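Number of protein chains: 2
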Amino acid sequence: MSIEEAYNKYRTELIDAGLLIPSGVPGVYGLSDRFEHVIEQFDQYVTRRGAERHPEVMRFPPLLSRESYQRTDHLDTFPQLIGSVHSFTGNEKEHLLLIDKKMKGADWSVGLSKTDVMMTPAVCYPFYPTATGTLPTEGRTVDLRGFVFRHEPSIDPARMQIFRMHEFVRLGTPEQAVEHRDYWLKLGEEMLLGLGLDVKPVVANDPFFGRGGRVMAVSQREQTLKYELEAPVASTEKLTAVASFNYHMDHFGLPFDIKTPDGEVAHSACMGFGLERVALALFKKHGFDTAKWPANVRKTLEL
Amino acid sequence: MSIEEAYNKYRTELIDAGLLIPSGVPGVYGLSDRFEHVIEQFDQYVTRRGAERHPEVMRFPPLLSRESYQRTDHLDTFPQLIGSVHSFTGNEKEHLLLIDKKMKGADWSVGLSKTDVMMTPAVCYPFYPTATGTLPTEGRTVDLRGFVFRHEPSIDPARMQIFRMHEFVRLGTPEQAVEHRDYWLKLGEEMLLGLGLDVKPVVANDPFFGRGGRVMAVSQREQTLKYELEAPVASTEKLTAVASFNYHMDHFGLPFDIKTPDGEVAHSACMGFGLERVALALFKKHGFDTAKWPANVRKTLEL
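So the sequences go chain by chain: A and B. Residues in the first sequence are numbered from 7 upward in steps of one, following our numbering. Residues in the second sequence are numbered from 7 upward in steps of one, following our numbering.
Rather than coming from a laboratory, the hints here were simulated on the basis of the structure. Incorrect hints may appear among the rest.
What the hints assert, rightly or not - Straight line, CA to CA, 25 Å or less: simulated SDA-like cross-link-like pairs of lysine to any residue: (1) 244/A x 228/A; (2) 120/B x 78/B; (3) 120/A x 206/B; (4) 291/A x 199/A; (5) 206/B x 218/B; (6) 298/A x 39/A; (7) 120/A x 189/A; (8) 107/A x 30/B; (9) 265/A x 30/B; (10) 110/A x 72/B; (11) 108/B x 72/A; (12) 107/B x 218/A; (13) 99/A x 82/B; (14) 265/A x 38/B; (15) 265/B x 138/B; (16) 99/B x 116/A; (17) 108/A x 262/B; (18) 110/B x 127/B; (19) 232/A x 207/A.
Note that this is a predicted model, so its numbers are computed, not measured.
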């Protein structure tokens with residue numbers, strides 16, 4: 007079975023079981039009560055395990071200030087994934103032209119203007135602009151969870167355009183940042199293995215755009231900045247990343263002017279579980295009926 | 007105190023207390039753990055009370071198919087509120103031009119193209135396209151909750167651009183739809199009064215665009231299609247809608263071809279609690295320290 011066939015097969019099974027509700031757009035789905043419940047229970051398990059290190063807890067909506075967005079290099083490195091939010095700010099006459107275009111089946115979106123917001127590309131993006139200034143000696147650790155957008159329409163049910171991540175971000179010295187990433191790589195593997203998922207850690211790279219991006223990807227791998235935990239989802243041959251662990255160096259500390267107490271630019275690291283992907287991996291492994299999942303998994307997730 | 011002063015005062019108090027985390031964009035905030043917890047507990051209370059009528063439960067992300075969106079008249083009636091999601095689909099050369107514009111501080115958003123998705127304007131919008139076909143005799147009742155976007159930047163902390171609604175939608179005959187709206191108007195008032203909020207029901211209208219919109223608003227009020235429950239939030243003089251109750255007639259049944267068993271176009275009604283607004287009203291009424299809220303409120307919300 008080709009990978010495309012595997013994607014289509016699992017996607018069809020999920021839709022037939024009522025777990026995924028198609029929207030007509032690849033990678034955008036409604037979720038059934040059961041699917042949502044698995045996500046919520048796993049999310050709470052992540053909160054409980056993360057609480058062992060007493061993070062601050064913040065929640066951001068799926069939008070980010072455009073001004074803050076522009077201070078990052080996201081548009082330079084991932085333009086193909088962005089979501090820019092546009093609206094109508096014209097007068098009544100311009101509105102009539104807009105509606106005329108819509109009625110004729112023409113592209114009415116060209117009559118819109120950019121708003122002050124962008125779709126959030128990763129749950130930690132809205133946090134950094136709020137952290138400008140000098141960190142305490144112990145640095146900061148933050149628990150974040152929310153929706154993120156990535157414009158990559160796909161038939162792979164695990165590659166959604168809009169999905170939730172539960173992240174833990176660390177700001178501090180290079181040592182504090184690397185320690186956080188490595189702590190979570192170990193804990194994340196332990197947690198997912200404990201839920202019966204056959205995860206394995208791999209060195210990874212981000213999907214940087216274009217030819218320049220290929221150089222960046224090689225560099226990121228050579229410096230082992232990014233790891234992922236991969237698990238079988240649609241396919242047991244081509245695995246799917248269900249969690250990622252990233253050391254950013256000064257990539258966010260620099261544009262948002264975040265400093266350690268000794269005046270150095272703060273380094274950061276984040277780890278994130280892809281909540282829909284973890285749920286999809288659990289449904290693949292244990293079946294669609296959560297009442298029949300192994301007792302230890304049901305107990306851990308308080309199902 | 008003018009209403010603008012009242013908005014600024016409550017907004018500043020919320021930010022100083024750490025409950026709201028400013029993003030730099032009016033109406034877009036991060037929320038503290040305590041704020042989020044009140045929302046989650048109220049949301050679960052709503053689920054419990056809604057369960058008395060055994061709704062189906064579905065969860066949609068904050069995006070809607072553009073094709074489905076275009077089947078509604080939202081662009082005709084609320085163009086000022088829309089969120090159209092755009093991305094970059096060009097090649098490397100076009101990307102260089104985009105980045106050049108960004109570096110020069112020019113408007114790089116003009117180099118983007120529309121995607122297949124729109125921001126969801128109300129939580130029930132993604133549901134209707136999935137309901138095409140013939141309803142069962144008893145109609146359908148659905149529990150929905152999620153983020154919605156409305157492009158209306160404001161200093162009023164209760165007027166967010168992105169916020170969560172918990173909705174109950176009814177599809178069926180005109181009688182079934184009206185009964186649903188009236189049932190929830192009574193239950194919603196009882197629930198919010200029980201939490202100590204001084205709510206009162208009022209006939210309301212949607213913020214239709216332009217001069218034609220003013221005619222639509224008058225017609226909507228004359229037919230008493232929409233009610234709201236208003237409560238003091240930033241101001242005790244100018245109240246804020248914290249829940250709305252709408253009878254749509256065949257407004258969604260028609261474009262999405264939803265029929266009753268006898269072949270008539272389905273009518274619909276929805277009610278929605280604005281979760282951030284209810285939380286803001288509770289903080290205003292009972293103070294910022296939830297440990298000091300009245301015992302009966304803490305018990306109802308399982309705080």
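Hints versus structure:
For the hint pairing residue 244/A with residue 228/A, the CA-to-CA distance comes to about 22 Å; that is within 25 Å, so the pair holds. Note on residue 120/B and residue 78/B: the hinted pairing holds, with a Cα-Cα distance of about 18 Å set against a maximum of 25 Å. Pair hint residue 120/A plus residue 206/B does not hold up; C-alpha atoms about 38 Å apart against a cutoff of 25 Å. The suggested pairing of residue 291/A with residue 199/A holds, with an alpha-carbon distance near 12 Å, which does not exceed 25 Å.
Pair hint residue 206/B plus residue 218/B does not hold up; C-alpha atoms about 29 Å apart against a cutoff of 25 Å. A hinted pair counts as satisfied when its Cα atoms are at most 25 Å apart, and residue 298/A with residue 39/A qualifies at roughly 17 Å. Restraint check for residue 120/A and residue 189/A: the C-alpha separation of about 41 Å exceeds 25 Å, so the hint is violated. Distance check on the hinted pair: residue 107/A and residue 30/B sit about 34 Å apart at the alpha-carbon level, beyond 25 Å; violated.
Among the hinted pairs, residue 265/A with residue 30/B is consistent with the structure: their alpha-carbon atoms are about 20 Å apart, no more than 25 Å. Between residue 110/A and residue 72/B the CA atoms are separated by roughly 16 Å; this keeps the pair inside 25 Å, and the hint holds. Simply put, residue 108/B and residue 72/A have alpha-carbon atoms about 12 Å apart, close enough for the 25 Å limit, and the pair holds. Taken as a hint, the residue 107/B and residue 218/A pair is honoured in the structure, with Cα atoms around 19 Å apart against an allowance of 25 Å.
For the suggested pair residue 99/A and residue 82/B, the alpha carbons sit about 12 Å apart, so the restraint of at most 25 Å is met. With a C-alpha separation of about 23 Å, the suggested pairing of residue 265/A with residue 38/B holds against the 25 Å cut-off. The straight-line distance between the Cα atoms of residue 265/B and residue 138/B is roughly 8 Å, inside the 25 Å bound, and the hint therefore holds. Our distance criterion of 25 Å between C-alpha atoms is met by residue 99/B and residue 116/A, whose separation comes to about 21 Å.
Pair hint residue 108/A plus residue 262/B holds up; C-alpha atoms about 18 Å apart against a cutoff of 25 Å. Only pairs whose Cα atoms come within 25 Å are accepted, and residue 110/B paired with residue 127/B is rejected, the gap being roughly 34 Å. With a C-alpha separation of about 10 Å, the suggested pair residue 232/A and residue 207/A falls inside the 25 Å cut-off, and the hint holds.
Consistency with the previously given hints fails for numbers 3, 5, 7, 8, 18, ordered from lowest to highest.
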